[in-house]
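Chemist: Each chain, letter by letter, is given below.
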Amino acid sequence: MSELTLIIGGNAGQGLESSGAGFCKALNRGGLHVFSVQDNRSRIRGGHNFYLIKTSTEPIVSWTEPVHLLIALTAETVDIHLGKIVPGGAVVYDPSLEIDEDRIKDREAIPIPLPLYDIAGEAGGSKMMANTAALGAVAGLTNFPIKHLLSVIEDNFRKKGDKVININKKVAESAHDHAASKFGDSFKFNMEQQNGAQRMVMNGNEAISLGALVAGCNFVSAYPMTPGSSIFEWLNKHADEYGIVSKQAEDEIAAVCMSVGAAHVGARALVPTSGGGFSLMVEALGLAGMLEEPIVIVLAQRPGPSTSLATRTEQADLLYAINASQGEFPRIVIAPGTIEECYECGGRALNLAEKYQTPVILMTDQFLATSNRTLDKNNIDLGAIKIDRGALLTDDDLDKIDGEYKRYKFTENGISPRALPGHQNAIFKTTSDEHNELGEIVEAADNRIRMNTKRMKKLETALADMNPPKTHGLEDADITFVCWGSTLAPLTEAMNRLNNETSNTANIIQFIDLFPMPVEKVMPVLKNRKRLITVEGNYTAQLGSLLQMTTGVKIEEHILKFDGRPFSPEYILEHLKKLEKRGRNG
Amino acid sequence: MSELTLIIGGNAGQGLESSGAGFCKALNRGGLHVFSVQDNRSRIRGGHNFYLIKTSTEPIVSWTEPVHLLIALTAETVDIHLGKIVPGGAVVYDPSLEIDEDRIKDREAIPIPLPLYDIAGEAGGSKMMANTAALGAVAGLTNFPIKHLLSVIEDNFRKKGDKVININKKVAESAHDHAASKFGDSFKFNMEQQNGAQRMVMNGNEAISLGALVAGCNFVSAYPMTPGSSIFEWLNKHADEYGIVSKQAEDEIAAVCMSVGAAHVGARALVPTSGGGFSLMVEALGLAGMLEEPIVIVLAQRPGPSTSLATRTEQADLLYAINASQGEFPRIVIAPGTIEECYECGGRALNLAEKYQTPVILMTDQFLATSNRTLDKNNIDLGAIKIDRGALLTDDDLDKIDGEYKRYKFTENGISPRALPGHQNAIFKTTSDEHNELGEIVEAADNRIRMNTKRMKKLETALADMNPPKTHGLEDADITFVCWGSTLAPLTEAMNRLNNETSNTANIIQFIDLFPMPVEKVMPVLKNRKRLITVEGNYTAQLGSLLQMTTGVKIEEHILKFDGRPFSPEYILEHLKKLEKRGRNG
Amino acid sequence: MVEVQDYYYPLKPTWCPGCGNFGIWNAFKSALANQNIEPHEVLVVSGIGCGSKLPDYTRVNSLMTLHGRSLAVATGAQLSNHDLKIILAHGDGDGYSMGGNHLIHACRRNIDVVDIYQNNKIYGLTKGQYSPTSDKGFVTKTTLAGSIEKSVNPIALALAAGATFVSRGFAGELEHLIWLIEEALKHRGYSMIDVFQPCVTFNKVNTYQFYNKRVYKLQEENEYDSSDLGAAFAKSQEWGDRIPIGIFYQKKGEPTYQEHLPVLENKSLVKHGLRDSVPEEIKNEFM
Amino acid sequence: MVEVQDYYYPLKPTWCPGCGNFGIWNAFKSALANQNIEPHEVLVVSGIGCGSKLPDYTRVNSLMTLHGRSLAVATGAQLSNHDLKIILAHGDGDGYSMGGNHLIHACRRNIDVVDIYQNNKIYGLTKGQYSPTSDKGFVTKTTLAGSIEKSVNPIALALAAGATFVSRGFAGELEHLIWLIEEALKHRGYSMIDVFQPCVTFNKVNTYQFYNKRVYKLQEENEYDSSDLGAAFAKSQEWGDRIPIGIFYQKKGEPTYQEHLPVLENKSLVKHGLRDSVPEEIKNEFM
Ligand SMILES: Cc1ncc(C[n+]2csc(CCOP(=O)(O)OP(=O)(O)O)c2C)c(N)n1
Ligand SMILES: Cc1ncc(C[n+]2csc(CCOP(=O)(O)OP(=O)(O)O)c2C)c(N)n1
Ligand code: SF4
Ligand code: SF4
Ligand SMILES: [Mg+2]
Ligand SMILES: [Mg+2]
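Protein chains in written order, with the working numbering: chain R, 1 to 586; chain Z, 1 to 586; chain P, 1 to 287; chain H, 1 to 287.
Think of the hints as simulated: they come from the structure by calculation, not from any bench. Check the hints yourself; a few may be wrong.
To be verified - Cross-link-like lysine-lysine pairs, in silico, DSSO-like; alpha carbons within 30 Å at most:
| hint | chain 1 | residue 1 | chain 2 | residue 2 |
| --- | --- | --- | --- | --- |
| 1 | Z | K160 | P | K127 |
| 2 | H | K283 | Z | K377 |
| 3 | R | K406 | P | K267 |
| 4 | Z | K406 | H | K12 |
| 5 | R | K163 | H | K127 |
| 6 | H | K252 | P | K136 |
| 7 | Z | K169 | H | K127 |
| 8 | Z | K160 | H | K283 |
| 9 | Z | K527 | R | K530 |
| 10 | R | K406 | P | K271 |
| 11 | Z | K521 | Z | K457 |
| 12 | R | K386 | P | K283 |
| 13 | P | K150 | H | K252 |
What the hints assert, rightly or not - Non-contacting residues of chain Z with respect to chain H, defined by C-beta distances greater than 12 Å in every case (computed):
| hint | residue |
| --- | --- |
| 14 | L82 |
| 15 | L150 |
| 16 | I449 |
Note that beta-carbon positions come from the ideal geometry of N, C-alpha and C, so glycine has one too.
Chain R with its partners taken away, still in its complex shape:
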C-alpha cells in the first residue's frame, strides 16, 4: 500500500476548490482512492484556504494530518502547514514567493521551487492557471500519469471551449515535465496508476442529491446557503433532464413554504439549507407537521451561533432539529456518516416523509457535505432505492371511493390515506388550525385529543423504520466510541490505530437514526459497554444529552471539537490520551 497526502493552499479566489475537486477526479481515474477536506474562508478573496487530498492505492478510511506534498500558492501556506510535513515530503512553490528553503530542509523535507506562474504564462495562460501548473507538477513528482489530469481538464473546461482546454493542458504538461525532470528523483512518494474496479468520486451533497433524484425528487426550492446550496445547484443543473422544478426562492421561509405547497399537490419536495436558513423554516416545519405534508429538509450544519464561521463545520444543531417549532408533532431526523449513507438517506428521507406524511430532517455538516471520497461504483446501487409513496391514493382508488373522503381519518397507526387535490370524489380541506377528520376547523377538546394523538401516533409507528445504531469493530472492546454523522470517518481510523496497537481496544457505535429514537433497539447496543465516550463536533455533547434523555444511559466522557474544523484521527487519539490522564488523576 502506498499513501500520500497532498495539500494545495493559497488565497481565497485562487480557485483551489475546483482544482482540488478536479484532481480528486483525476486520481480516481488513475485508480487511486481519495479522501479530501475542503477548508475555505467566508470571503471571496484573500486569506488562507486549502484543499487536502489523501490518496492511496488501498481504500481510505479518513483523511489524516501528516502531509507529504504541500503546494504553496502563498508564503502563508508554508507557515501554516509546514509543521505537518513528513520527513522526505516536499514543498512546491513559485520562486517569487521567496520561501526560505532552510525552513523546509530543517523538517527534512525537500524544497521544490517551480516557476508556476512562468510556466502558465509561457503556455499562454493567466496567473490563475498556477493551479493547473501545480497539479501538473504533482503528477510529475509522483509518477502519476498525466493523462488523467488532462482528461479531467477536458471535461471541466468543455463549456469554455477548445482554446481554454488546450492552454490548460499545455500548462499541466509543461509543469509535469519540468517537475518530473528536475525533482522527480528526489521526491520518493509515488501515486502510481492502479488498475481495477471502476470507482466514483463524490461528496456528501452530491450523494444526497443523487439519492434524492433516484427516489423521485421532482421539486427543490432553496435560498443559497453554504454548505447546503450545492444540493440545490446539483438538482437545478439536472432539472430539465430529469423533470425537476427547481426554484431559488426569495428567502428560506418561501423555500420551505413552496415545498409544502408542492408536497400538498403530490410533488416529492426537498429543501436544502444550513442552520440560519433552517431557523427561518421552523414555523413552516410545524405547518408541515400539522398539515401532514411530506417534505424533506436537508440541514447541512456549520458552526453557530448565528453567522459564525460560515464555510466551516460543526455538529451543534442536533437537539435543535429534534425540538424545533412550537407544539408537538412527529418528525424524523436521520444523519448519515458516509457518502454511501448520504446516498441512501437522500432516498430514504423522501420515502419516510411520504410514508409517515410528515417532515423529515436529514442532517449533515460541511465536512461531510463537501469532502470528496472514492467509492465503488457498485456501492451506489441505483436500483436499491425503491420509491414508497405510502398511503397515497391513486386516481383509481379515488374513482372507486364511496362516501366522504376524510383526509385526516383516525386510524390505528396514525396514518390516513392521502388524496391529492384535483379529484371530483375527494374535494378536501387542510388547515393549520386544529381540525377534524374532514380538515374542518374544530376546537372541541375531544377532537383535539384524538387528532393530536393520531398525529403523535405516527412517531410510534415510525419506530418500525428506525434502525438501531450501527456498530463498527468487534463486539467487545475496552472503549466504545459513540458518534453520529461525519465523525465516523476519522473515528474509524482512530479506532483502527488503537486496535492495531492492542487488539480490541476500541469499537464504535454510530447513530444514523436519531429521532424518534428506537430505544428498544438501541438499548441492547448501548448496554454492557466497558467505557463509553461520545465523539462529537460540538461544545455540549448533544448526542450524549439526547441518549441520556431518551435511553437513560449517561455517557460521562466526551471528545468534543468546535473550532469549525473537522475531526482528524490524530485529534481524537490525542484527546483520548488527555481523557485518560484526567481519568487517572481523578
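Take the given structure of chain R and dock chains Z, P and H with the ligands to it, following the hints.
Modeler: Here is chains Z, P and H with the ligands on its own, set in the frame of chain R:
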C-alpha cells in the same frame, strides 16, 4: 368561608371577556378573592365562549370545576355547563332562549329566567348590554353590593362618555333589583362584601408587564399574537407616561430584530409573543446570543403545532425554547407559576439579560397569561425589583478608559464589560460572524475556541442566579408532583385536597428556573422522593425529559393534558386515580 | 354548467353579521361558477385571519397555511400542478405586513394565481390592532393616539413590483367584484385583487358608507387606459373624496413563470408521475 | 474638522481587487468627513454579504447582523438612540430578497436612516447565484439558461412604498456618489441609495464599462423635478441605453417616525436613563 363559582357563557362577540374581567374587579372591590379562567374560540363571532370566576371570602388557590351560578347568554351554554352545576345552584337566562326548565331542575338547580334583553332595552341600552344586565342580576342574587359593579362600569366606560355610563348603570341596577326581588331568596349562595386588606386583580400578562415596567423596560416591539400581545398592549398604553418606545412591527422577525438594535444602544428591550411568532424569532435569538445583546422574549404558549387552537393553552414549547436556533450559546429560560412570580420574573428577566448579556426567554401560557387573580397589594412590591445593568460601562467609565476598548474581552466568567456605541473612547465592532475581542471577524481556530468558550462560560456563571425549584407542602410525602408554570395553581389545590383526606399524601416541586438547569441545587430537592409524578400541559412530558437529560432522574409517571384547556384540580385527582389503577394492575 | 350551489358547503361562516367577507365570498363563488370552473379543480390557499377562513366555508380544496405565507405555499403548489386553479384569500395584515416580501416576488415572477386581499385596514382576528393599510391617524388598540405611519399602497406596490394584473374591488359592489374576479381568472399570470372589505366590528371609519360615497369605477372612465403603467401609478395615488376601483393595470401576453419552464411544457409536474429509474450513465459524472 | 483619515481602520478589505465596494467605501468615508460627522457618532448596521463587510474595515461603530435583517435592527437602534447617525450597508440579495419586507415598511415609516444598497445584481459572498436585481436572461450558477424573472426595481419599489428620499448611485462615479450620500445624510427621514456596484468576479455583464456607457445624471437634466412622484416613477422605469442616476425623488419636511413620538421629543430614549421608580398609584389600575 364561602365560595362561589360563576360562569358567564355565550357566543364569541358577546363581550364576555371584558365583562368577566370587569366583574373580577368589582368582586375585588367588594373585598372578595377571585380566580378566573377565560375560554375563547379563535373567531370573532359565534361559537361558545365562557368566562369562569371563582370567588371566595378566603384566598383562592385555583379555579375548580363545580359551578354555582351559570349565566347563559345562549342555549348552548346551558348544554355545555349544566353538568357542572351543584345542587342549589342556578341558571340565569333570558326567556327568549327557551330553556327547558326541567333539565335544570333535574340537577336540583334553580332556573332563573330573567328578561335580560328587555331590561337592557328598557334602560335605553343595546342587546350587547345583556352582559351588564346579567352581572347586575348576579349581584342581586348573591347579595353582592351593586355599588362595586357600578363603580367599575364608571371606570371602564369613562372614555365612552356619561351617556354610556349611565345607561349601563341603569341596566345593571334594574337587573339587580329584578333578580334580587324575584329570585334572591331562592338562591342560597352569597358573595357578601368583605372588608379588609386592599387587594388587586391582575392576570399574568399584566403582572409581567408591571414587573418589566418597574425594571426599567423602555422598549417593546411586537407583532400581535394571542396570548402574548396584551403585554405589548399594556406597555404601549403606558408608553407616553413612562417613556417607553413601543413599536408594532411588520412581523415577528422585525420585532425581535428591533429589540436587538434597541438593546445594542442601551435600551431595556422586551418582545412578547407566542409560539408561531417565536418560531420567526429564532434566527435573531441566536444573533442576540452571538452579539451578546440583552433581550427578553416573553413566550406565552398556546397549543401547537402551527396555528392549532390559537386562543387556548398548552405547555409544549419547553424543549423548543431551550434548544432553539442553530449552534450553541447561552440563554436563560424561566417560567413563573403564579401572578406574583410573573411580576417578579418580568423584572428579573431584564436584569438577567443585562447581567449575562444574553437573551432571556420568559415562558408562560394562555392560562397564566389571561387568568385574573386577586393578590395582596403588598405582594407586589414596587421597590423589590432593583435594576441591575450588569457590567455596563457608564460614560464616566469610558471617559477614563485607557487603551483600546474590547467589547468581547476574554474574562474568567465570560462576561465582558459592555459599552454602548456613541463614546469617543469606545468605537467598537459587533458582528454575527465569529470575532475576536475587538469584534473583528476572525476565523482562526484558537480564537474560535476561546470566544465560543467565553460565551458558553456565561451559562456556568449564570448558575449562581438560577434558583432551585420551589417546594410546596411538607418535606415528606407519598407523592411528589413535579410541575412548571401555570399548572401550579390547580395542582396546589389538588395537593391540598389529598392532604386533607390523608395528611402528607402529596407535595409539589415547582420549577421556575429551567435553563441553565442548576443541577447541584436541584438534586437535593429531587432525590429521595417516594414517588415522582410530573404534571404538565403537553403530550410528551417535556419537563420529565429535561430532568432526565440534565439530572439523570427519570420520572416514570405523568399526568398530562393537551386539549387546550387548563388543568383543574379535579382533572389531576381523577388522573391520579387512573395512574394508581394502572399501577396496581401492573 | 357549474352552478353557484356547487360551491355550497355545510359550514356556516363565523364572520360577524354584515362583515365585508360575505360579499367577497359570494362574488368568489359566482365568478367561479360563471367561469364554469368546477370545485374540485380549485385550490384555495389562504393564510390566517378572519378572511382566510373563506375556504373553510366553501366546497373547494383548501390549504389554510400560516399567517403571511400563503403566496409562497401557493407558488409551490402552482408550479407542481398548474392544472389546478389556484386562488388566494388573505387579509391585509397577512398579505401586506407579514407577507409583503412574498408579494413583491410573486409579482415579478408572474406566478399564475389569483390573489384576493380582504383588505379591512385592520387586524380582525386578533381583535383590532392597526394594519399596514390603516390610514394615518387611525385609532386602534395599538395606535391609541392614531397611526403615525403612512399606509401601504398595495396597488402602487404591485405595479412597482411588476405585476401583470393589478386591480381593486369593493365588497359592497358585488357585480363589479364578480366581474373583477372573472377577469383575474381569465388573466394568465399573477393577478392581484385588493378588495375593500368593511370590518363592521373593529373598523368604524372605513365602512360601507365610507366607500359607497367615494368609489368610482375606472373602467367607466372613458379615457382610462389600463395598459399604461404610468397612468396606473398615478391612479394608485388617488385617495380622498374619489377612490378608484377596477383594473388599474393589465399587461396581457406576458409569459407566466411556469410557461418558461421546459419541464412543464406538455403537462403539469405531478402529471408526469415520478421517474421510475435513473440511467446508470449518471455515474459517469462522478468518474 | 473631521478628516477621511479619521475613518481609517487597520484592517484591509478582503474584497476582490477592482470590486465596486471599494468605490462605495471611499465615497462613504468622504461623505461622512465632508459632513463633519465623527466616527463615534456613526453606527453602521449591515447584513451578511460581501458589501456588508464594509464596517469591518472602517473606524465606526458597527453592528453586522443577519442576512436581510439590518433595517429591522437599525429601526430599533434608531428609535432608541437617535443621536447616532445610523447608516446601512447591504447587498441586493440582503436588501431586496431576504429583506424586501423590511424595506417597504421602513419607507412608509420614514425611519431616519441612510440606507445604502451595494447592488451588484448577483450573490457575491455565496459565489454567484442570481439575485433579485439580476436582469432577465442573466446566466448564473442557478440560472443556467438565464433568469426568467423580471428583476426587482428598487427605485420603483421605494417610491411605491412611500420613501421620502429615493436615489441611485454608481460606484464608478465617486464624486457623484459622495454628493448623494451627503444629501442622504442631510435628509431627515428614510433615504435609499441604490448603488450600482460592479462585481468583477461573478457579474461579467454589469461591469464598470456597462454602466459607464449608460449612466447619466438626473440632476444634470434641466427639466427634472425630483419632487414629482409621477416623474420619478417614470424615470424608475428607464433601463437600456440610458440609465439615470441621482436623486429620483425627495420629499422634504415630512416628519420622521421618531419625531412623531412624544417620548423622544426632548432627547433620545437612552439619554433619558432608566426610570428609577414607578409610583405606587399604578396599582390603582388593578383595583
Ligand atoms: C406568525 C404569526 N404571528 C401572528 C399571528 C396572529 N395573527 C393571526 S391573524 C392576524 C392578523 C389578522 O389581520 P389580517 O391579516 O388583516 O386578517 P383579518 O383578520 O383582518 O381578516 C394575526 C396577527 C399568527 N397567526 N402568526
Ligand atoms: C438566512 C440566511 N440565508 C442565507 C445566507 C447565506 N448568504 C450569505 S450572503 C448571501 C447573499 C449575498 O448576496 P448579496 O446580499 O447581494 O451581497 P453581496 O455578497 O453580493 O454583496 C447569502 C445568500 C445567510 N447568511 N443567512
Ligand atoms: S372582525 Fe371584522 S373582519 Fe372579522 S369577521 Fe368581524 S367584521 Fe369581519
Ligand atoms: S465577489 Fe464580487 S462583490 Fe464580492 S468582493 Fe468580489 S467583486 Fe466584490
Ligand atoms: Mg385585516
Ligand atoms: Mg449582491
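Chemist: The structure should be examined with respect to each hint, and the outcome stated for every one.
Modeler: The hints, checked one at a time:
1. Simply put, K160 of chain Z and K127 of chain P have alpha-carbon atoms about 19 Å apart, close enough for the 30 Å limit, and the pair holds.
2. Between the alpha carbons of K283 of chain H and K377 of chain Z the distance comes to roughly 8 Å, so the proposed pair stays at or under 30 Å and holds.
3. Straight-line distance between C-alpha atoms of K406 of chain R and K267 of chain P comes to about 28 Å, which keeps the hinted pair within the 30 Å bound.
4. Of the supplied pair hints, the one linking K406 of chain Z and K12 of chain H holds, its CA atoms being roughly 20 Å apart against a limit of 30 Å.
5. Using a Cα cut-off of 30 Å, the hinted pair K163 of chain R and K127 of chain H holds, with the two alpha carbons roughly 25 Å apart.
6. Of the supplied pair hints, the one linking K252 of chain H and K136 of chain P holds, its CA atoms being roughly 18 Å apart against a limit of 30 Å.
7. At roughly 71 Å between alpha-carbon atoms, K169 of chain Z and K127 of chain H are farther apart than 30 Å, so this suggested pair is violated.
8. Proposed proximity of K160 of chain Z and K283 of chain H is supported: the alpha carbons are some 23 Å apart, at most 30 Å.
9. Straight-line distance between C-alpha atoms of K527 of chain Z and K530 of chain R comes to about 27 Å, which keeps the hinted pair within the 30 Å bound.
10. The hinted pair formed by K406 of chain R and K271 of chain P meets the criterion: a straight-line CA distance of about 23 Å does not exceed 30 Å.
11. Taken as a hint, the K521 of chain Z and K457 of chain Z pair is honoured in the structure, with Cα atoms around 18 Å apart against an allowance of 30 Å.
12. Straight-line distance between C-alpha atoms of K386 of chain R and K283 of chain P comes to about 18 Å, which keeps the hinted pair within the 30 Å bound.
13. This hinted pair checks out: K150 of chain P and K252 of chain H have alpha carbons roughly 15 Å apart, not beyond 30 Å.
14. Remark: the non-interface label on L82 of chain Z is consistent with the geometry, its nearest Cβ contact in chain H lying 33 Å away (cut-off 12 Å).
15. The Cβ of L150 of chain Z lies farther than 12 Å from every Cβ of chain H, with a closest approach of about 15 Å, so its non-interface assignment holds.
16. With a minimum CB-CB distance of about 21 Å to chain H, I449 of chain Z clears the 12 Å threshold, and the non-interface call stands.
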